[in-house]
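Trainee: So the protein lines, in turn, are chains A and B.
Just so we're aligned, residue 10 is where the first sequence starts under our numbering, counting upward by one.
Just so we're aligned, residue 159 is where the second sequence starts under our numbering, counting upward by one.
One or more of the hints may lead you astray.
Selected chain A positions facing chain B (in silico; Cβ < 7 angstroms) [to be verified]: (1) Y189; (2) S336; (3) L338.
So, partial list: chain A residues that the calculated Cβ filter (under 8 angstroms) puts toward chain B [to be verified]: (4) G109; (5) R169; (6) P188; (7) E191; (8) P192; (9) W193; (10) E197; (11) F204; (12) S327; (13) P332; (14) E333; (15) A335.
Some residues of chain A that are not near chain B, with every Cβ distance over 10 angstroms (derived) [stated by the list, open to error]: (16) L26; (17) E39; (18) R74; (19) A75; (20) E77; (21) M100; (22) V130; (23) P150; (24) G178; (25) R212; (26) G250; (27) Q277; (28) V280; (29) P282; (30) M289; (31) R322.
For the record, the hints were derived by calculation from the structure and aren't laboratory data.
These numbers come from a predicted model, not from an experiment.
Even for Gly, the Cβ is constructed at its ideal location relative to N, Cα and C.
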Amino acid sequence: MAKQRVVVLGPDTDDPLTHERAEMADLDIEFVQESPQSEGEAIEAVRGADAIMMRGGWGTEQVIRAAEDAQVLAVYSHGFNHIDVETATEMGIIVTNGAGMCAEEVSNQAVTMALALNRQVVQSTNHLRATGTWEPSQYLPIEPIDEQTLGIVGFGNIGRQVSRKLGQGWRMETLVYDPYIEPWITKEHNVEQVFDINDLCERSDYIIVVVPLNTETFHMIGEEQFNRMKPSAYFINVCRGSVTDEPALIEALRSGKIRGAGLDVFEQEPVDPGNPLLQMENVITAPHIAGQSTRSAWLSRQRASQQVAAVLRGEWPSAGQNPEVASKLDQKRRMPGSDGKITGHGEKVTGYA
Amino acid sequence: MSPESIDPKNLRVLFLGPRRGDTHTNDFEPQGRAARSVGAEFVVYDGESDGELIEALKDVDVVMAQGHGFSPEMFSEMGNNGRCKGLVSFGHGYDTMDLESAVKNGVVLSNTASFGTEEVSNQTMLHFLVCSRKFVFHDKMVKNGGWNRDHLAPMGHIVAETFGIIGLGNIGRAVARKALAFGMKVIAYDPFVSSWDAKEYGVEIVTTPQEIARRSDYVSPHVYLTDATHHMVGAEFFDLMKPTAYLINCSRGPVVDELALIDALNQKKIAGAGLDVFEQEPIDPENPLLKMDNVSVTNHYASYSEVAWDRANSQLGEEAMRIALGYWPMSLINPDVRSTGGLRNWAVSWEVMLAELGK
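My request is simple: use the sequences and hints to build the entire structure.
Mentor: What follows is the structure, given as structure tokens:
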């Protein structure tokens, strides 16, 4: 059998690919590194690839269509909003991400922002530095967070960690909006599931969004949602900027519909220095670093490589993001946990489970 | 297929009760709740033979079954070959169904996952405590007029002892949560669970069942019965266990090689066992396990409580309606059907489906 060709698209072409090679050591792989500067170069780069690994952009329709032989397209990040998943599905290409590779980090960032907003840490630091005046009453009221309500939008890996750390850790009442989770998950995590995002907005003191960006989540937090929020509520976004309608957020902050915001992400990145959000005292920000740590830097590579290796071995990857692609695959792939044949056993008690 | 193109009023749902026995004495209210709430027709099957059932399946969109057997031949009249797209079965285990045949015919299968998670994990903790505290022996002694402390040692401290779980699904995780509350070290073997998931649940993942056997003071399997799990706790496993350790089983009897267990208990290779399930049920009254004072037994009711069974029944109906309305079920138990059964919408919460359907 010919070597399988794994094309790695990234910022450089001389990366040692340590984790990629280690995870695929049992396979006969030819690694090709390309750093395309245009869509045309990306199209040429992916031709003949059995697997594509993306450390940056170029997940466009034309590029994916050129990858006729590819079985898998792996991104190193959580988000895959820069990938044309529909075309990949049509082409029978499994799309995977680095699920879980920075869930600790992103949830830490969300919790940090919630606590910083609650304690007014950034505002008081800035004020003290700028004016040298001692004005404790300026930051009041500071609410007791253990008596407040946390609202988590999206209850995947990251949302569950926000629940564990902030909700359980601070003993907050915790609401979750996620129409895709099984009912037993909320019970296990001791949270209340709400089925209308507006209910969550009305009842929560901290609204934290941790969803993937897609057509369904684009601007899911907009004018109507901000109108429903309490004037004392804080809004925190550590996932993708365009999950929020940013002009609506700016308006909500200006008019006092909500008390403040913590933003790791923006609709335009790098953020425009003239963006009014940067001028607001009740907004704390970070330059899209929620996922960063010395561990996530290598873990993302390891996870992405494990996903590719699984597909090239003929298995279904644990972080497959387009399961509907299964209907396009000639080759049957075993999903994790599908054991196939069953065994007989002794007389069964009818009705018992 | 999309929910927009399906009118729930045209849907028919068939309910199959047990072939034998009398466990269905209610009015099927919870089973039919979901169907009725969207205006679909809920039909209770009253036939006898397989032939009658195959005929009945031709006129329904989905079937739900409680304790009713389902032969591979029935699947050949379903899925891609008939109106009836899927089967939801009451309970956790799917050891009575032929998954290969269902996948081949594009039949979507689901169960009532997790309905009894709390109950089964509670039964597990019950047997664990009864074993650890040597309750069966002492209860019998006191009731027989005895009163002595001659049979206490060895008795573990529980805190800081090791609880070994095989299978870290819903039930395994609930057991882990409860064992952690007792201050125990919890380890688990589950080749389908990642180490970071296990970390989230405060559990150390080990890579072999043998390590569970060697390190644990209490071992409890929480796995489905399949070829891979049949007799996975057998003679070799008992040889590796500590002589002070206990085996708890609230999953399926044949996961444990019962003859090997009896042998291990007779030879004092392990300290005792707590069992809700057996290789043969109802258990043979002559089974030596019933004569041992270091063995606690219950008659396969770990999952039972009124709340759990009501939840199972309503979940049964909701899963059936998801399938009929062109969604995936929440608990798809034959995921390979995604490559044979056509396109469906993601499973969403029942409340959200009702909202989408304008109910």
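Trainee: Would you mind marking each hint as holding or not holding in the structure?
Mentor: Structure-based check of each hint:
1. At about 6 angstroms, the closest approach between the beta carbon of Y189 of chain A and any beta carbon in chain B falls short of 7 angstroms, and the interface hint on this residue holds.
2. Checking S336 of chain A against chain B: minimum C-beta separation of about 6 angstroms stays under 7 angstroms; hint holds.
3. For L338 of chain A, the interface hint holds, the least distance from its beta-carbon to any beta-carbon of chain B being 6 angstroms, beneath 7 angstroms.
4. A distance limit of 8 angstroms between C-beta atoms decides the matter here; for G109 of chain A the minimum to chain B is near 5 angstroms, and the interface restraint holds.
5. Nearest Cβ of chain B to the Cβ of R169 of chain A: about 7 angstroms, under the 8 angstroms cut. The hint holds.
6. Look at P188 of chain A: its Cβ gets to within about 4 angstroms of chain B, closer than 8 angstroms, so that hint holds up.
7. Interface hint at E191 of chain A: satisfied, since its Cβ lies 5 angstroms from the closest Cβ of chain B, which is below the 8 angstroms cut-off.
8. Below 8 angstroms, beta-carbon pairs count as interface contacts, and P192 of chain A has one with chain B at about 7 angstroms; its hint therefore holds.
9. The beta carbon of W193 of chain A is positioned within 8 angstroms of a beta carbon in chain B (closest approach about 4 angstroms), and the interface hint is therefore held.
10. For E197 of chain A, the shortest C-beta to C-beta distance to chain B is roughly 7 angstroms, which falls under 8 angstroms, so the interface hint holds.
11. Interface restraint check for F204 of chain A: the shortest CB-CB distance to chain B comes to about 4 angstroms, inside 8 angstroms, so the restraint holds.
12. Taking 8 angstroms as the C-beta contact cut-off toward chain B, the hint placing S327 of chain A at the interface holds, the least distance being around 7 angstroms.
13. Interface hint status for P332 of chain A: upheld, as the beta-carbon distance to the closest one in chain B is roughly 6 angstroms, under 8 angstroms.
14. A distance limit of 8 angstroms between C-beta atoms decides the matter here; for E333 of chain A the minimum to chain B is near 6 angstroms, and the interface restraint holds.
15. The closest approach between the C-beta of A335 of chain A and any C-beta of chain B is roughly 4 angstroms, which is under the 8 angstroms cut-off, so the hint is satisfied.
16. The claim that L26 of chain A is not at the interface with chain B holds, since no C-beta of that chain comes within 10 angstroms of its own (minimum 23 angstroms).
17. Against chain B, the non-interface label of E39 of chain A holds: every CB pair exceeds 10 angstroms, the least being about 28 angstroms.
18. Against the 10 angstroms criterion, R74 of chain A stays outside the reach of chain B, whose nearest CB is about 21 angstroms from its own CB.
19. Every Cβ of chain B is farther than 10 angstroms from the Cβ of A75 of chain A; the closest lies at roughly 25 angstroms, confirming the non-interface assignment.
20. Non-interface call for E77 of chain A relative to chain B: holds, since the shortest CB-CB distance, roughly 20 angstroms, exceeds 10 angstroms.
21. Every beta carbon of chain B lies more than 10 angstroms from that of M100 of chain A, the smallest distance being close to 16 angstroms; the non-interface claim holds.
22. Non-interface status of V130 of chain A relative to chain B is upheld: no Cβ of that chain comes within 10 angstroms, the nearest being about 28 angstroms off.
23. Non-interface status of P150 of chain A relative to chain B is upheld: no Cβ of that chain comes within 10 angstroms, the nearest being about 34 angstroms off.
24. With a least beta-carbon separation of about 14 angstroms from chain B, G178 of chain A lies farther than 10 angstroms from that chain, consistent with its non-interface assignment.
25. No beta-carbon of chain B is positioned within 10 angstroms of the beta-carbon of R212 of chain A; the least distance is around 16 angstroms.
26. Against the 10 angstroms criterion, G250 of chain A stays outside the reach of chain B, whose nearest CB is about 24 angstroms from its own CB.
27. Every Cβ of chain B is farther than 10 angstroms from the Cβ of Q277 of chain A; the closest lies at roughly 30 angstroms, confirming the non-interface assignment.
28. With a cut of 10 angstroms on Cβ distances, V280 of chain A stays outside the contact zone with chain B, its closest approach being about 31 angstroms.
29. With a minimum CB-CB distance of about 38 angstroms to chain B, P282 of chain A clears the 10 angstroms threshold, and the non-interface call stands.
30. With a least CB separation of 35 angstroms from chain B, M289 of chain A remains clear of the 10 angstroms interface cut-off, as annotated.
31. Annotated as non-interface, R322 of chain A keeps its C-beta farther than 10 angstroms from every C-beta of chain B; the closest such distance is 15 angstroms.
When each numbered hint is compared with the structure, no violation occurs for any of them.
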